[in-house]
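K.L.:
Each chain is listed here by its residues.
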Amino acid sequence: MFKILEANELATNIFQMIVEAPRVAEACLPGQFLIIRVDEEGERIPLTICDYDREKGTVEIVVQAIGAETFKLGKLKAGDHLADVVGPLGRPSDLCEESVEELKKKKIVFIAGGVGTAPVYPQAKYLKELGVDCDVIIGAKTKDLVILEDRFKKVCNLHVTTDDGSYGRSGMVTKALQDLWDEGNKYDHCVAIGPMIMMKFVCKLTKELGIPTIVSMNPIMVDGTGMCGACRLTVGDEVKFACVDGPEFDGHKVDFDQAMNRMRLYKTEEGRLLLKAQEGDTHHGGCGNCE
Amino acid sequence: MDGFVRVPVREQDPKVRATNFGEVCLGYNKEEAENEAQRCLNCKNPKCVQGCPVSIDIPAFIQQVKEGNVEGAYQTISKSSALPAVCGRVCPQESQCEGQCVRGIKGDPVSIGKLERYVADTAREMGIKPQGATEKKGKKVAVIGSGPSGLTCAGDLAKMGYDVTIFEALHEAGGVLVYGIPEFRLPKDAVVKKEIENVKSLGVKLETDVVIGKSVTIDDLMKKEGFDAVFIGSGAGLPRFMNIPGEQAMGVFSANEFLTRSNLMKAFDENSRTPIMRPKKCVVVGGGNVAMDAARTALRLGAEVHVVYRRGEEELPARKEEVGHAKEEGIIFDLLTNPVEIHADENGWVTGITCIRMELGEPDESGRRSPVEVPGSEFDIECDAVIMSLGTSPNPLISSTTEGLDVNRRKCIVASEENGQTSKTGVFAGGDAVTGAATVILAMGAGKAAAKGIDEYLSK
Ligand SMILES: Cc1cc2nc3c(=O)[nH]c(=O)nc-3n(C[C@H](O)[C@H](O)[C@H](O)COP(=O)(O)OP(=O)(O)OC[C@H]3O[C@@H](n4cnc5c(N)ncnc54)[C@H](O)[C@@H]3O)c2cc1C
Ligand SMILES: Cc1cc2nc3c(=O)[nH]c(=O)nc-3n(C[C@H](O)[C@H](O)[C@H](O)COP(=O)(O)OP(=O)(O)OC[C@H]3O[C@@H](n4cnc5c(N)ncnc54)[C@H](O)[C@@H]3O)c2cc1C
Ligand code: SF4
Ligand code: SF4
Ligand code: FES
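First to last, the sequence lines map onto chains A and B.
1 is the number of the first residue of the first sequence in our numbering; add one for each residue after it.
1001 is the number of the first residue of the second sequence in our numbering; add one for each residue after it.
Think of the hints as simulated: they come from the structure by calculation, not from any bench.
Built from N, CA and C at the ideal position, the CB exists for glycine as well.
You can take every hint at face value.
Here's a subset of chain A near chain B, in silico, CB distances under 8 Å, partners left out:
id, residue
1, 84
2, 88
3, 230
4, 258
Work out the full structure, taking the sequences as your base and the hints as a guide.
P.N.:
If you want it as structure tokens, here you go:
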């Protein structure tokens, strides 16, 4: 059992938690993820490690409630326990392998969309600790969904953009990137983390601009150790397992359309589970919304 | 009873069991077991024992069954095996103990597996436990992986008095016994969990959710956490795909994914929170035990199932009993057939698979006749799911993070057959991680040999 030390709702249905997981905290690096189970009957859900404290033996996660499991998770409070936390899984970000000198030579931009904002944080913080400057673009639908702004301000040059223009710049992250580029920010490395559709369009743009781009893929997973192949995706001509070969890949080589397709694999079935979680045992089909 | 025919074992009716996940084989009762035990000739030079990779004293335990002494029989078996209720169910007995039994020369061999299962199940019902160590050695051993090899090695070391901790990557112990082999062949709560509790009752500690190589390395276990020796029993869990067009379509799964969802995550149960696809018509590619398990699971989830295998009936690597059970349940075998391409509709869902007929050529160096394609014989099978069951290989997570640990071309850890010693001092290995995908009992045999090897190493 893994104790939750802190639990906050950052924005509607976006929850931040600090969890006791000494082995994960001891070994993790930016870019890696963990898998949790909320309770003994729970599904295994992968979440990126958003921050960690090796001394306290804790890790931080930020999760958006979108389905049965993540809604259950969002209901937990400080003092509650998770049945399982396993990690760190996946490979650390490539940035962790580069020397400070190499990193300092680069002009790096992170592009964070929605709940993808959280996984960008440890990478920006890691660079800050090495004395490397970076730009971060956070994109959110609207002002209320902008998360972790204060913490980001301490570790990077922050640019916020909202789809509806209610805060910061106006428009999608791709527009913000194009604008910054036109304003003279000639980036030579980009890391994009967010919904697949966002990463796809960021990659389209950065390819035109000639900026090498890393994306963090979040396909459906089961074990997270290379055992099931559920997380496989096509990168270039090769089939890769996101949980062991990734989650970060060269965004210009990822087959996003295939990856987005594969995400829908269990959609109908998940939809049923979500209804059951939200409405209890009141849902028996027949409404025409699900077969 | 003339003695040439074994006492038949009761099974669930094929039509009924094809729709449920209850155990297929119901096992012997006391009377049936004692009758079957009578057939054993209590040979002076028991061939059967030579066929058993862990050398269970088979005539001795069968003698005890004859006498109605289940407790004695259980302790006899326990001297050699930590998981008798499992082995009695899943060992390929026809090619091991029973394959050697002299009774088999004229008539049926003694049903050693079913008797072993009877003893283990009855002992469990009676609450009999294996006997633990009386003296402590004061030395710590880490066991990586809680499959049959790890459990056996841990159990044996604990009996010798070592302080043993098992580290398991998944949230539940048992390895393939919990995530691979289905409920209808090996009940999880009633059998596997209980056998694991028996190992724990010997004083073995279990830490789940630890991926060695990721959460902590072997070097750190030895240097920082004070383990004097390490046993690697991490299995061969990495699935292979065919690399044919269409393999990324929705509805194509590895057998590992399909079985893990159904077994470990209990997705076969409507109340489970883990989803699984319930195909209407499913093609399973492969002919081993894993393919049989995937096929029979898909069948129970409501599918019409075709097993596509590139060699013939004789060459099917699965246990005979399992192939027989699969056929009785209505699985269709398309033998001497190989897939060439998977088709999907405009939304990416599988619609069918193109296969080609094969014929067997000359035997290769392993003596197996390798299949060759019959030109122009392509044909389509309509289906909405394809399950790839082409074998697995060891996961490189451990070998790639442990300095000085040699692996061979197939990524299998190099270890001595005799004592499990690897190229790294104090580190031992066994089971599928060393041999590649094999059997439960061979993994147990390797775990046993390594326990002995570790004891010798730590007693120096
Ligand atoms: C490596 C990795 C890191 C991740 N990091 C984070 C994170 O830091 N914060 C966070 O909020 N989420 C993260 N995710 C996504 C998260 O795992 C899923 O949102 C979660 O598993 C959904 O579980 P559920 O039962 O609540 O929803 P489900 O009921 O399983 O799914 C609800 C809907 O979401 C879709 N879906 C299923 N799996 C995923 C998935 N893996 N990602 C996105 N959508 C999915 C389904 O198709 C369905 O339509 C990550 C995923 C991966 C693979
Ligand atoms: C579906 C299926 C059906 C089978 N049917 C039969 C049968 O009928 N009869 C038979 O004899 N054999 C059968 N087998 C084969 C048999 O199950 C295996 O040979 C046997 O389980 C191997 O045991 P093992 O201990 O080496 O490894 P496994 O049982 O694979 O156990 C390895 C364990 O190590 C864990 N692990 C892996 N990496 C790490 C890590 N880095 N850190 C921590 N833990 C880790 C895994 O999670 C797993 O729990 C079957 C196999 C499958 C998949
Ligand atoms: S362990 Fe397996 S091989 Fe040995 S006696 Fe039992 S069933 Fe036969
Ligand atoms: S070989 Fe057969 S008959 Fe002889 S002891 Fe073994 S089981 Fe009994
Ligand atoms: S999640 Fe199973 S192989 Fe990646």
